[in-house]
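Residue numbers (numbering that gives the first Met the number 0), protein chains in the order written: chain U, 0 to 254; chain W, 0 to 263.
Keep in mind that the hints were calculated from the coordinates and are not lab data.
These numbers were taken from a predicted model, which means no experiment stands behind them.
Wrong hints could be hidden among the right ones.
[What the hints assert, rightly or not] Below, simulated EDC-like cross-link-like pairs (lysine to aspartate or glutamate); rule was C-alpha separation at most 20 Å, straight line:
hint : chain 1 : residue 1 : chain 2 : residue 2
1    : U       : K157      : W       : D71
2    : U       : K156      : W       : E101
3    : W       : K75       : U       : E147
4    : W       : K190      : W       : D172
5    : U       : K157      : W       : E101
6    : U       : K156      : W       : E166
7    : U       : K163      : W       : E118
8    : U       : K163      : W       : E178
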Amino acid sequence: MSRTERLAPWLFTVAFFVVWEIGVRVLDIGTYILPPPSLVFEQSWVFRQALFRNSMQTLYTTLAGFGIAVVFGLALGIFIGWSKTIYNGLYPVMIGFNSVPKVAVVPVLVLWFGIGTVPAILTAFLISFFPIVVNVATGLATLEPELEDVLRALGAKKMDIMLKVGIPRSLPYFFGSLKVAITLAFVGSVVSETVAANSGVGHLMLIAQANSEVPLVFGGLLCLAVLGIVMYAVFALLEQRFTGWAFRGQDRRAA
Amino acid sequence: MSRFVELDDVDLMYGGPDGTLALRGASLGVAQGEFLAVVGPSGCGKSSLMKLVTGLHPPSRGSVRVAGSPVDGPVKIAGMAFQNPIMLPWRTTIDNILLPLEIVQPHRRQFRARRKENEAAAEALLATVGLGGFGRKYPWQLSGGMQQRASLCRALIHQPELLMLDEPFAALDAFTREELWSVLQDLWLEKRFTVILVTHDLREAVYLADRVLVMSSRPGRIVAERRIELERPRSLARTFDPDFVAIVHELRDHISAVRQGEVS
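Chain W with its partners taken away, still in its complex shape:
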């Protein structure tokens, strides 16, 4: 199996030789088009994993490869979304979504010439996340959930091969969160980009992912791996079925074990 993202025995240390070790001996592979979720307690280096894969932070040891070539700087093919939607308040929602096209090649060169097409693409994307017709609004006129939808659109507008999500739904209310799970699943089923989702929410991980990795707390290590063989598309009702709940509990046990170890 060709691996789209590959980490080989990676350490990550912040703040020089005496700094904190955020990640130790991490090895993982993500196939092209796979949906991977990473769960773990707070401070387990999940966000460090994001920085490594996108090339924003070099590993202290080991190697990181994305799309077949070693990462030695920002990868330029990744879309990112975070817990905080961080929209730019002086731009309309549509201009916020178009921001990546103003930066990333080859879109950047043609940005002005293809303004109309780009806007149509952004509008279409907005419609798929349930924000049709909101493009001309400013982000601060939208609710938190709507901003997070728009933030997803921004992460996807340049059709990245790799989508990195760092607890994107953590700040939303439960109903909005579950609705956005479905939105994300639909988008992924349609476009089949590779996703790495970092989350605290075990139901979210099981609902969305093909495979879930459990990490220990700092220094982060990968302690368990669970393939989720549930059929797609998965419905929200499915999350209450016994087999689904059993997987969630299994993951919870791993996390508990990790936290026990931390205390003792």
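This is chain U alone, in the form it adopts within the complex:
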């Protein structure tokens, strides 16, 4: 990557805030509708402790939910991808499950677990495990039949084929889905915090809104964006690290 290419994301981010700042001032938009970024940053600094504490809470519920989603999603994905029959049978059920808006499930979770951390974790889990399941299952189900024949003609059991070929082969799908899943997990935990929690960025934003602290609401949004980007970057890096072979086209050009 050239220098400009590396700098581009930063330049665009700065440009985004500049346009925002100028737009708000030129169009004379009230701070209670859209505060300028300078005010958002200022207020975020004033409330930095509250923002930090609640961001950590959100990060915690997100990662906890995401962690469960990885374990559960991987297991279910392998189960579904194990055979064509299970794949065909369970896939529609999965689609139906995923079509239910997760925010509608939060009241049920509150009913079961009360207000607080647990519903947030579970919502993050519910919303983020689907892409993992689908990707792992698809990675396994699209195994080349010839390769399966080669191995079966050697007396390989289904388990051998999965361990030697199926699972390694679906790892790029798996890591790819993690990037999507982690951002979805944030959506899940914040939705839950907004509806039923007493801490977390979602809760903070709700309180700020009730108190007409509009800049702080946007401060909360910024925190979520930063957390989302950082987590995405972490999993993009993991993906490169573990399944570099799947990106060989790019590697070769770099070499």
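Go by the hints and put chain W onto chain U.
Here is chain W on its own, set in the frame of chain U:
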């Protein structure tokens, strides 16, 4: 003559009772160490034959015997190679070639302990197909022809008694293909495993095989058999000699007749 592979009046049907009949009344025998080629038009059930012999698909009627015992599941003694080399991109070429040893008994039990020996064997095999020193490369760093050579090595690493080849050279350019014919002939002359080669290429069949079977289109039946009595090792120049060309034409006539029947 003891037959290593024997099909007796075999039907193969896919997709239940109303499915397509892929193979009808196929009977054939292959002697131990024989090189058999099967040719025919597309969709003549050549690949079904592969599935039957390796035990990947049971016959709908008739019996299949390999190495003296009836086939009732994957035979476990076969090496296979296909048109697509299907190497695993996360393994180096040598680890790809060693894959069968991680699966098939008795190698599987000793795989870790004999790692060094196995790697040496794989390297030696790579050298015989002209890929010496490429073991540490990843398959995607190799050309199509090199991958197909490696795929042959993978099919042979566990010293199978039966080698099943399903149009292994079909996707290669003409020069590479002819070069690999020689490589395969050399390997076979040295080790004398039993080979069943399925191919569209009549020159390939005549060059490599002891005997060529011609199949009709779906449902596949064996319509002609031709023994190839040419001396070995056969050179590529030999493929342009009149007697060689005559055999190719004879086979071509059989195929044409089959295709005529199909149209009418």
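Between K157/U and D71/W, is the straight-line Cα distance small enough, at 20 Å or below?
The hint holds at about 17 Å.
Taken at face value, is the distance from the CA of E178/W to the CA of K163/U at most 20 Å?
Not satisfied, since the Cα-Cα distance of roughly 32 Å exceeds 20 Å.
Straight-line alpha-carbon gap K163/U to E118/W, limit 20 Å
holds (18 Å)
With the threshold set at 20 Å, check whether the alpha-carbon distance from K157/U to E101/W stays at or below it.
holds (14 Å)
Decide if the proposed pair is consistent with the structure: K75/W and E147/U, CA atoms, cutoff 20 Å inclusive.
holds (13 Å)
Restraint check for K190/W with D172/W, where alpha carbons must lie at most 20 Å apart:
violated (27 Å)
Is the Cα-Cα distance between K156/U and E101/W 20 Å or less?
Within the cut-off at roughly 12 Å; holds.
Would you check the hint for K156/U and E166/W, treating anything up to 20 Å between C-alpha atoms as holding?
At roughly 26 Å apart (the allowed maximum being 20 Å), E166/W and K156/U break the hint.
Consistency note: the structure conflicts with the earlier hints numbered 4, 6, 8.
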